[in-house]
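Peer 1: In case you want the letters, here they are:
There are 2 protein chains.
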Amino acid sequence: MAKAIPSRSENYSEWYNELIKRADLAENSAVRGCMVIKPYGFSIWEKMQRALDDMFKETGHSNAYFPLFIPKSFLSKEASHVEGFAKECAVVTHYRLKNAEDGSGVIVDPEAKLEEELIVRPTSETVIWSSYKNWIQSYRDLPLLINQWANVVRWEMRTRIFLRTSEFLWQEGHTAHSTAREAMEETTQMLNVYATFAEEWMAMPVIRGTKTANERFAGADDTLCIEAMMQDGKALQAGTSHFLGQNFAKAFDVKFLTKDNQQDYVWGTSWGVSTRLMGALIMAHSDDDGLVLPPKLAPIQVVIIPIFRNDEQLAQLSEKINPLIKELKKAGISVKYDTSDANKPGWKFAEYELRGVPVRLAMGMRDFENNTVEIARRDLKTKETISADGLVAHIQNLLEEIQLNIYNKAALFRQEHTFRVDTYEAFKEQIEKGGFLMAHWDGTSETEEAIKEETKATIRCIPLDAELEEGTCIYSGKPSKQRVVFARAY
Amino acid sequence: MAKAIPSRSENYSEWYNELIKRADLAENSAVRGCMVIKPYGFSIWEKMQRALDDMFKETGHSNAYFPLFIPKSFLSKEASHVEGFAKECAVVTHYRLKNAEDGSGVIVDPEAKLEEELIVRPTSETVIWSSYKNWIQSYRDLPLLINQWANVVRWEMRTRIFLRTSEFLWQEGHTAHSTAREAMEETTQMLNVYATFAEEWMAMPVIRGTKTANERFAGADDTLCIEAMMQDGKALQAGTSHFLGQNFAKAFDVKFLTKDNQQDYVWGTSWGVSTRLMGALIMAHSDDDGLVLPPKLAPIQVVIIPIFRNDEQLAQLSEKINPLIKELKKAGISVKYDTSDANKPGWKFAEYELRGVPVRLAMGMRDFENNTVEIARRDLKTKETISADGLVAHIQNLLEEIQLNIYNKAALFRQEHTFRVDTYEAFKEQIEKGGFLMAHWDGTSETEEAIKEETKATIRCIPLDAELEEGTCIYSGKPSKQRVVFARAY
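Read top to bottom, the protein sequences are chains S and R. For the first sequence, our numbering assigns the number 44 to the initial residue and increments by one for each residue that follows. For the second sequence, our numbering assigns the number 44 to the initial residue and increments by one for each residue that follows.
Chain S with its partners taken away, still in its complex shape (with noise of 0.2 Å):
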C-alpha cells in the first residue's frame, strides 16, 4: 500500500498538494507558476465548465472568442484598470528567434522587435471593449451578452496548483446594457447563477455579497462576490460578478443611439469564475484518504472492482457485472469497471477513495452466489452488503443523497466556524483559530486596512442577505449598520 498522504489537521498545506499529486489532477510545469491539469483533474473541470456553460446560455449569453494580445496602450485607457493589472502583465516584445552565432542555441533576435510591445491578456475587458465599439450603434444592439473561455496570465510570485498560478483558465462574461438598472440586475443574476452553480453543482455553500472599495476590481464601480469557506477556516472567493458602470464605455467612446434619439454610454458587467474553482472543490469536502467528490462533478460516479482468483471467476463475474453497467450507464451515471490484475481489491479501494469516486461497488464469488454486492459510499466511508437486485434505483438514490450530504457537511462545518464578535480583543483571538467572523465595520477604508494590518484577516464581503442590526465598529467604536464577514483567505 502506497504512504498516505499527510492528514488536514498535520499540514493543511502540504495536504491539499500531496492530495493533488496523488489523485493525479496537476502538477507543476518547467515554467515557473504554470501548471499542468492532467486528465483526471480536466475531466472535472470539463463538468464544470459544461454546467456553467449551459447555465449562461439558459440566461441568453453566447460565447466568442477574442485575441490574446492586448496592445500596451489598450490597459492605459482605463485609469484604475492599468493601476490594477500593469505590474502583473507577461509582455511580448519580439516575435522570431534565431540561431545563437556561437552555437549556444537560439536566442530572440533584437531585429524582430514588435512596434507596440503586447499584453498576454491577465483579463479582456480592454480588448472587448475596443470590439464593441464597433458592435454597438443603437439601442437595438443591446443588451449584448457574450462570455468568452479563455486563458489569461497574470504573473505571480507566489503561486499555488489551482489556487493562484501565473496561467489559468477561466470564463469571463462581458455585457453591455442600455441603463444602469439593466446592467446592475445582470451583474445580480450572474452572481446567483455562480452561486446556484457552487451549491447545487460544487455541493459548496456561499456567501453572497458586495465587496467593499478596497477590494473591487480595477475598472469596476460594484464588485459581487461569493465567498466560501474551507475546511481550514479560510474564505475562497469563488467568483466575481462586476458592475463597471459607464467606465469602459468612456474609455473606450462605446456610445449608443437611445430609444429617445439621444447619444449616451453604454453599462457594462463583467464576471468570472476560473479553474480556482478546483481548488475550492478540493478543500471544501476532501479528507484525509484523499478527494472526495460530488456525484455531480465526479468523472466516475460508480467503481464496480470484482474480486477474483482467475480467469474464470472474471468471467462469472462479468456475466452479471456487465448488465448492471449497461444499466447504470443507461441511467446516465458514469461507471468504470476496474478488471485489471496489475493491483489487489485492498490498493484498488485506496486508489478510487484517493480519486474521491462516490460509490463502489465490490463482488466476489461469495456475491455471486447469494446474488449480492458490496456497495462502498466514499463521503460517509460506510459499507454495506446489499441484494443486487433494483441496484440502479438504488444507486441513483445514493448519488443523490450524497450530493445533499456533502452540501449538509460543508454548510455545517461553515455554521460551527462562523462567531459574532463584538470587540477587537475577541476578533484577535479568534481570527487565530479561523473562521468567518461577523463583526461590525464604520465602513472606512482606513479601519479596513488596520484591521489588515494587524490581523491579516479581510472583508470577506459585505453580506447582500443579512438583516440590519445596529453596531459598533470592533475597530474604531463608530456606529454601523450590518455586520459584515472577516476572514484570513486564500
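Just so you know, these hints were derived from the structure itself, not from any lab. Among these hints, one or two may not hold up.
Repeated chains share a single entry, so a pair holds when one copy, or any two copies, can fit it.
[As the list claims (entries may be wrong)] In silico lysine-lysine, DSSO-like type, Cα no more than 27 Å apart, as pairs: (1) Lys90 - Lys339; (2) Lys100 - Lys524; (3) Lys391 - Lys100; (4) Lys499 - Lys363; (5) Lys302 - Lys387; (6) Lys100 - Lys64; (7) Lys369 - Lys277; (8) Lys141 - Lys298; (9) Lys302 - Lys379; (10) Lys64 - Lys298.
Please read these numbers as outputs of a predicted model, since none were measured by experiment.
Fit chain R to the supplied structure of chain S, relying on the hints for placement.
Peer 2: This is chain R only, laid out in the frame that chain S set:
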C-alpha cells in the same frame, strides 16, 4: 435591402472577406493578425468542437491542459522542430509594466526581465513531452492518449481570417506508444477521424494522403493529411496527423520499461485541426448569396418567419407556430422564431440566407387559413408551399437530404476539377485554371521545388488509397509508380 456581397467569379478573395463580415462570423482585431470570432461564427466552431471531442473520446482519448508558455531552450531540443518554428514565435521577455516618467503612459519595466525568455506555444510537442518524461515509466503507462483544446500563436506576416492568423484555436492530440506499429496505427486512426468529420459533418470530401518530406511537420517522420478542394479550385489542408517516431522521446529522454524488462524510447504521434476548418467550410459550400451550412453544423437549422401586419395577426400565427417549435425542439432540431418587427420579411429572408440557415419556413395569414407553410431550402434556393401537417418528419428528412446534397455537390465539383495530366506543358496550362492535377512525380525534393518555383503548385499529398500506376515524372521524365496530387493551395 443591403448591398449584395461580391460574387465568387468577380473576386473570390473579396467574396470570402465580405461573406465573413456580413454573416457576422469574425473580424480582424486591433492586434495585427489576431481575429475576433464573433458569437455566430463561434457557435459553428462550438458545434465542430463538440463533434470532434466526442470522436476523440470514443477512440479512448482524454483532454488535459498544458502551459501556454514554453521555455526557449525546450524548442532547441528537437533540431528540425526549432528549424520549423523559431521564425514565427511570439517571445515573452518581461513580466511587468510601469508608468513612464514623462507621463506618456505605461512602458515595459526593464527591471522585470525574465531570466529565460518564454515562447508563446506555436504547438505543444516540447512542453508535453517534457511532462511525459515524468508520466511514463513502464509499458503499463502506455498508450498515453491525450488531447488539448487550446490557442496557439504563429507570427504570420500575411494573415487571412480563419485561414492564416497569428493566433488561432485548435486541438492538438499527443500520444505515446510502446511500438512503432501502434503509433503508426494511431496516426492513421486519427487521420480517419478527421476525414470522417470532414465528410460526414462538414459535408466536405477530402483526399487522405501522405505529405512529401518537404511538406512534413517539423519533427515528424511522417505526416498524413486530408486535403479538400475549395470553389476556386485551390487546395486547403484541413487536418494533419503526424507519426513522430522516437524523435521527441529522444529529445526529452522519455524511456519506458518494456514487457521484457528493457529500456526503450517511446513512440509518438501528434495530430491537429484548427479554426482553419471554418475557412474551409465557408469556401467549400457557400455561394454568392452568403453562407451555406451543412445542417449538422448549423447553429440554427430552421428559421421561422411569420408574415403579419399587426399584433393580432402575429398572435394568431404564433398560436400555430409555437406548438410546431416545441415539436421541432423535441426532435432535436434547433429553431429560431423571428418575430421582430424591426425588419421586413424580405430583409429577413436575405439575412438568414447570408447566415446559411438550411431551412426557412414562412407563414402568412393565407397559409394560416389553408393550414400550409412556405418552406425554402438554402442549398438549392427552391421553395414550395406544403401542408403544415407532418411538418416535423418532413423537415427531418429535408435536413438529411440537404446534408447529403451539399456533400454531393462538393464531390461533383471536385471531380469536375480534377485532371490527369501527363506532360509538363499540360500541367502548366491547367494549373492556371485551377483544380487538382494528378500527375507523376519522380519522388525527389528537387523536382518538387522546381515545379513549385515555376508554377506555385505544391504536392498536396501522395494519396493513400490510389492505385499504383507506372508512369514518368512530368518534370524529369524519370520513372514513377503513382500519381500524386498537385495544386495551388491556401
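Peer 1: If any of the earlier hints don't hold here, list their numbers in rising order.
Peer 2: As far as the earlier hints go, 2, 4, 7 and 8 are violated by this structure, in ascending order.
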